[in-house]
Structures are given as C-alpha cells and as structure tokens.
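Peer 1: Be aware that the sequence shown starts at 93, since it is given in my numbering, and climbs by one per residue.
Some hints could be false.
Stated by the list, open to error - Simulated pairs of lysine to any residue, SDA-like, Cα-Cα distance not exceeding 20 angstroms:
id : residue 1 : residue 2
1  : K333      : R317
2  : K110      : L207
3  : K351      : L326
4  : K351      : W368
5  : K358      : P344
6  : K101      : P208
7  : K110      : A183
As the list claims (entries may be wrong) - Listed next, with one range per pair, are the computed distances between beta-carbon atoms:
id : residue 1 : residue 2 : range
8  : T316      : Y350      : 18 to 28 angstroms
9  : E369      : P208      : 50 to 60 angstroms
10 : G264      : V104      : 24 to 34 angstroms
11 : E118      : T325      : 42 to 52 angstroms
12 : T198      : I315      : 54 to 64 angstroms
13 : T149      : T346      : 53 to 63 angstroms
14 : Y350      : T161      : 22 to 32 angstroms
No lab work stands behind these hints, which were simulated from the structure alone. Don't be surprised by glycine CBs; every beta carbon is placed ideally from N, CA and C.
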Amino acid sequence: AGMFPNTSKPIVAWSYDKYDSAGIHEIAVAEAGGQRAFEQRPTYVHYCEPLSPLVSTFEALDKLIFAATHRVPLVFTPCPIAGGTAPITGAGIITMGAAESWMGLTLAQILQPGLPFFMGGVFSAMDMNTMILAYGAPELPLYMAGLTELAHYAGLPLWQTGGCTDSKTFDGQAMIEGAMSVFFSALTSGDLCHDVGYTESAMTGSLFQLCAMDEAIGYSRRITRGIEVNDDTLAVEVINKVGPNSHYLRQPHTRRYYKSEYFYPKLLDRQDFENWEASGSLTMKDRTIARVRDILAT
C-alpha cells in the first residue's frame, strides 16, 4: 500500500499464493475506487511464473485463475536456465520458454477472453563454473532479444529484463553489466522492463544500483529516441546565417532546442579536472550514494 502514493504508474505485484493475491487486489481496488474503476485503469499487473522445464505449480495456476477471474492484467514469465532447466542453445531455450509462457496465455484466455497478458521471461545461461543463473551475462539480453522478436511476431507485449548484475556490491562490474543490459533492452524494444537494481544474480537488490541504472535508462532512451529530421532541425538557414569561423551560442535556434535535444545526466560528471577536483573529487559511486541518501531523506 505504501507504493501507491509514490508513483503514478501501475505496480507489478507478486504473491506467494491466491490468498496473498486476494489481499493485494483488495488494496489495489480500494486505491482505484472500486472494481469497475480498476478494470478501466488497472493500478497493478499480477506476476506469476511456471516452473521450468514445462511444469506449472498449483500455486502459479491458482494465481493465474485469480487474476483472470478478477480481470487483473497478467504477466506469466518462465525463468529457464540454459544448460540447466532448458536446452543449452539460444534457439532451444526460446522455444521451450515460449511454450511455457503460452501455456499461461492459453489458460488465461479460456478463463477470461481478452485479458491483458504479457509474455515474458528471464532467459540466461547457467555459468558452468559457478552453477548460477548469470544475470550479467551477454546471453541474457541476447536471448531476450530473440524472445522479444517472437512475442512481437505473435502480437504480444513482452516483459523483459535490464539493469541487473551478478556483482555482490555496487562496483564497476555492477555498472557495466547493468548499463549494458539496460541499453540492449531498449534497443530490442521490450515493453515492460524489470529487475532494475537486482544484484548477486537476483538474490539481492541495491538502491545504489537502482539509482545508477536510472541514469543508464535516461542515456539509453536518448539514443533510442533517435534524430528528428525536418526543415527546422536540418538547420540549413542557421548554418547559412552563421557561416564559417563563428559559433552558434547566440542563435535562437540553439536556445529553441538545447533543453530538449540533449540528455543531461544527474550522476555522470562532465566537468573539467580542475572543477571536478574543486567540487570534492567525487567518483560515480560517491555521487550515486549521495543521491540515494537525498532521495530517501526528501
């Protein structure tokens, strides 16, 4: 219940069983202003998952039945591990995982035709040295890209993964793996991205990683927004006006676009060395920790 006052977005809710599902739904319906209002604008999406390979537990199906009966949008997400609970090849894990997700789709539509449904998954490799589901591996965004293509071919939205890491602490590994997975999720056009801030192969979560990945998301969104091309953005008139050996700082064209054309970071530092040193020589980690503490305080 504490999440609703702090976001305008629908929440993804997870429960242990149908009894927890009922409690969550009661809160969400009260927040929405009744069941009818909830159906018109759902305040949450229900998450449940089968058990790879090719099994669905009674708990998962109970939650699916509850969601369908109460018209709750549903995410049905397998988490197969290539080489462990799924075939070791990328094509194989996508084939099996899609079948598991579509089992949920079939049941949900039989119970409630037209129920909003997200296909999904966390598809990655079992690291044969450590025997863990590798959350920072390049195979995760690669397999998810393949699954996204399949989902969109079938006309379904996809629940994807990004901003997560195998690192146990907020360090360079966490930032590299998290940022790469965010960027490739953006490039492959997943519809709802989750696990942002997950660390230790999804065993723990980090507010610092979450905050840093917010920066990576902004960075990625600027790239995927692309370049708008029209007569004004082509800037032929202002190029002719300024001519050679001058600058564009005073041009109305610059003032018109400088706020919207660029990505302005909250955490990444662009000062020269002298100004960075004068402001405390703070690293990315330092700045992230400070921002998290400020958010929590205010």
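Peer 1: It remains to establish, for every hint, whether it holds in the given structure.
Peer 2: The hints, checked one at a time:
{"no.": "1", "hint": "K333 - R317", "verdict": "violated (28 angstroms)"}
{"no.": "2", "hint": "K110 - L207", "verdict": "holds (18 angstroms)"}
{"no.": "3", "hint": "K351 - L326", "verdict": "holds (17 angstroms)"}
{"no.": "4", "hint": "K351 - W368", "verdict": "violated (23 angstroms)"}
{"no.": "5", "hint": "K358 - P344", "verdict": "violated (26 angstroms)"}
{"no.": "6", "hint": "K101 - P208", "verdict": "holds (16 angstroms)"}
{"no.": "7", "hint": "K110 - A183", "verdict": "violated (34 angstroms)"}
{"no.": "8", "hint": "T316 - Y350: 18 to 28 angstroms", "verdict": "holds (21 angstroms)"}
{"no.": "9", "hint": "E369 - P208: 50 to 60 angstroms", "verdict": "holds (52 angstroms)"}
{"no.": "10", "hint": "G264 - V104: 24 to 34 angstroms", "verdict": "holds (29 angstroms)"}
{"no.": "11", "hint": "E118 - T325: 42 to 52 angstroms", "verdict": "holds (50 angstroms)"}
{"no.": "12", "hint": "T198 - I315: 54 to 64 angstroms", "verdict": "violated (37 angstroms)"}
{"no.": "13", "hint": "T149 - T346: 53 to 63 angstroms", "verdict": "holds (59 angstroms)"}
{"no.": "14", "hint": "Y350 - T161: 22 to 32 angstroms", "verdict": "violated (52 angstroms)"}
Consistency note: the structure conflicts with the earlier hints numbered 1, 4, 5, 7, 12 and 14.
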